[in-house]
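There are 2 protein chains.
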Amino acid sequence: MKRFFVFLGCFAVFTAAFAQQALGQRPKVQSPVVHDDGTVTFNFYDPTAQQVSVTGDFEEIHPSTLPMTRQENGVWTVTTRPLNAELYSYSLNVDGQRVIDPSNSYVNRDISTLSNIFIVTKNSGDKGHLYQVNDVPHGTLSRVWYNSPTLGKQRRMTVYLPAAYDGTRRFPVLYLLHGHGGDETAWSDLGRASQIMDNLIAGGKAVPMIVVMPNGNPTCDAAPGWWHEGMYTPDGNAFNERGAKATMEESFMDIVNYIDSHYRTDARREARAVAGLSMGGGHTFGIARLYPESFDYYGLMSAAARLRPGDAVFDSQMARLFASKPKLYWIAIGKEDFLMNMNVELRKYLDNNRFSYEYYENDGGHLWRNWRIYLTLFAQRLFQDL
Amino acid sequence: MKRFFVFLGCFAVFTAAFAQQALGQRPKVQSPVVHDDGTVTFNFYDPTAQQVSVTGDFEEIHPSTLPMTRQENGVWTVTTRPLNAELYSYSLNVDGQRVIDPSNSYVNRDISTLSNIFIVTKNSGDKGHLYQVNDVPHGTLSRVWYNSPTLGKQRRMTVYLPAAYDGTRRFPVLYLLHGHGGDETAWSDLGRASQIMDNLIAGGKAVPMIVVMPNGNPTCDAAPGWWHEGMYTPDGNAFNERGAKATMEESFMDIVNYIDSHYRTDARREARAVAGLSMGGGHTFGIARLYPESFDYYGLMSAAARLRPGDAVFDSQMARLFASKPKLYWIAIGKEDFLMNMNVELRKYLDNNRFSYEYYENDGGHLWRNWRIYLTLFAQRLFQDL
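Those protein sequence lines, which keep their order, are chains R and V. The first sequence begins at 15 in this note's numbering and counts up by one. The second sequence begins at 15 in this note's numbering and counts up by one.
Bound conformation, chain R alone (with noise of 0.2 Å):
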């Protein structure tokens, strides 16, 4: 076996050698480095820069930037304030350009926009250890197409099956929404869903259970880059809900029935959760109207929940809603969030109606910092008595 290794060595400069040819040149620089303080060391190498920071959201609420020193050797530094355990996104400014981490190949898209990410565990809180991989047993992912009759097409989904999925047992289902601008990987990348479950999974806090990220946008049939589109430029408004032939919520049907007869799935009532971020959760509520006896339970994360009290439609939805008495109706957002006001509404409106459900509110504001921890505290809730 010494001579394959010994081969195989020079098989790696050869290979390397041939990357660096087809893919250009850069210093070998370590950044970001996280220290088991929870210090971060951010390091990028441009000897003739005049200027260079880090943006990132190192802070609970905003974003702060962090001017970087240069060295002698042209490799500009800066390293953070301890940092709670988290997963953090971050950019470089250089010279006033808006770049990419060239030393950390791990990115995160939201909408059009990709930001370096990494992972601070040993710190405070269990948060990094809930997002990152661990040694334990995983679920599988995968980009799945469905027939939506509603909507007249195929489209993409993203369905996590827990680690005990084997084909004969029968799981419960949480379909977990995304918000505007996002799409079927949202969840799974910017909300590290499946390391989430996995680690709940794992810790038995939450009970296995599969978990169905659909596409919120009608009129896409994919993400970005996954359909007949082509790589066009990610853009929120770029698809709404015009010229579909029906609403998410309308459709959303579609989505569950094709789960219940392509995946061993319990499909009561009391084995099935809906839960979604902004748009989501407005998809959310909007579900929670039009099928009440499907769900037991309701998670409304920085829900966009827009009432119509006094519209017959409307009104008749929520009665039925209310009489259904789901296991679980609950309400999450955060101080700072913009659709604070919209929640505040939306509980009145509740309590006025005697409904009961929970609320739960933190710092921060509508940030996926915040949506991985409602999808936390969230699905410890599911079908614990199943």
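The set of hints was computed from the structure by calculation and includes no laboratory data. A hint or two may mislead.
Because identical chains cannot be distinguished in the list, a pair is counted as satisfied if it fits within a single copy or across any two copies.
What the hints assert, rightly or not - Pairs of lysine-lysine residues, derived as DSS-like cross-links and limited to a Cα-Cα distance of at most 27 Å, are as follows:
1. K42 x K136
2. K341 x K259
3. K167 x K219
4. K339 x K219
Chain R is already provided as a structure; the job is to place chain V on it using the hints.
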């Protein structure tokens, strides 16, 4: 419904403002713009930059660099000559720094390097059409964790199920192996395997098949960031076979056994193919020797296929392979590939042993451009008489 749209419009503005706030600002510039004649314009806004260029694989073999010209509005621009239909990779260079084009959110990762991509479809050849997502039935792409008893751990692989897969009919299987520095995401991301298979199958050029893309590094559980080693800097040399309980070839039937027991496969020899590029071509060379009765089609693409004539074990394994008379033993390599000599030696050896194989040689080197072509050609040869 009208009021709902007005609301959504306002909501979009709020959301966009928040996204900008969270992720930093950049001017709106469209780049790249692929014109109908195959020319491509790159645009990049940086009023203070001194020198901007674009480097991409616009020529067949070596990357080429095009200087960009500063316009009065601070946008640097350049337009290529007409390019052939193809998937291209590129990056920008701004005052000596390699940067990702901020107007293009489509990127591929090759080992640790991100590059932007775009597709030219309308010019000569059908490659652009084959690599893009068309309005055809789409297969399911899954990241699946399986148990490898031989390696003593759970590992991740990518599984493509053809659109026709419905859990009843059985399908043949192509096992598709990546090269050094790659992982279970390489063929689906850099190789456009799901798009190629969707398009070949929809066009009646390939029979519907399952394509299994495992991780060929026995010491890795999964691609960087997708296992408990965390978000390390991807490095082709960081995880090799040293310390693993077995080689890729020795542990390979764990994958086949998992696939056969979890999917509706046609498990006959004539319904099984294995192919790989570079190191994966070496794995294919080894798998053909170890399990000649299990596969009927082999594809060695730019293969790192190491001969050991005179070694008793090697000679007897090869004799067994020769005796098994596979339907297709296909060797493909580019004229400029640095492994050409190794493949010349391989063909000499096979000729001397009067073993029937097919050989395909084209322009270019050790690059994904060629491996996509090889997959396209090889897939059309498989399982046609089942």
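We went through each hint and held it up to the structure:
no., hint, in the structure
1, K42 x K136, "within (26 Å within a copy, 39 Å between copies)"
2, K341 x K259, "neither (32 Å within a copy, 49 Å between copies)"
3, K167 x K219, "between (38 Å within a copy, 24 Å between copies)"
4, K339 x K219, "within (25 Å within a copy, 54 Å between copies)"
Hint compliance for this structure: hint 2 alone is broken.
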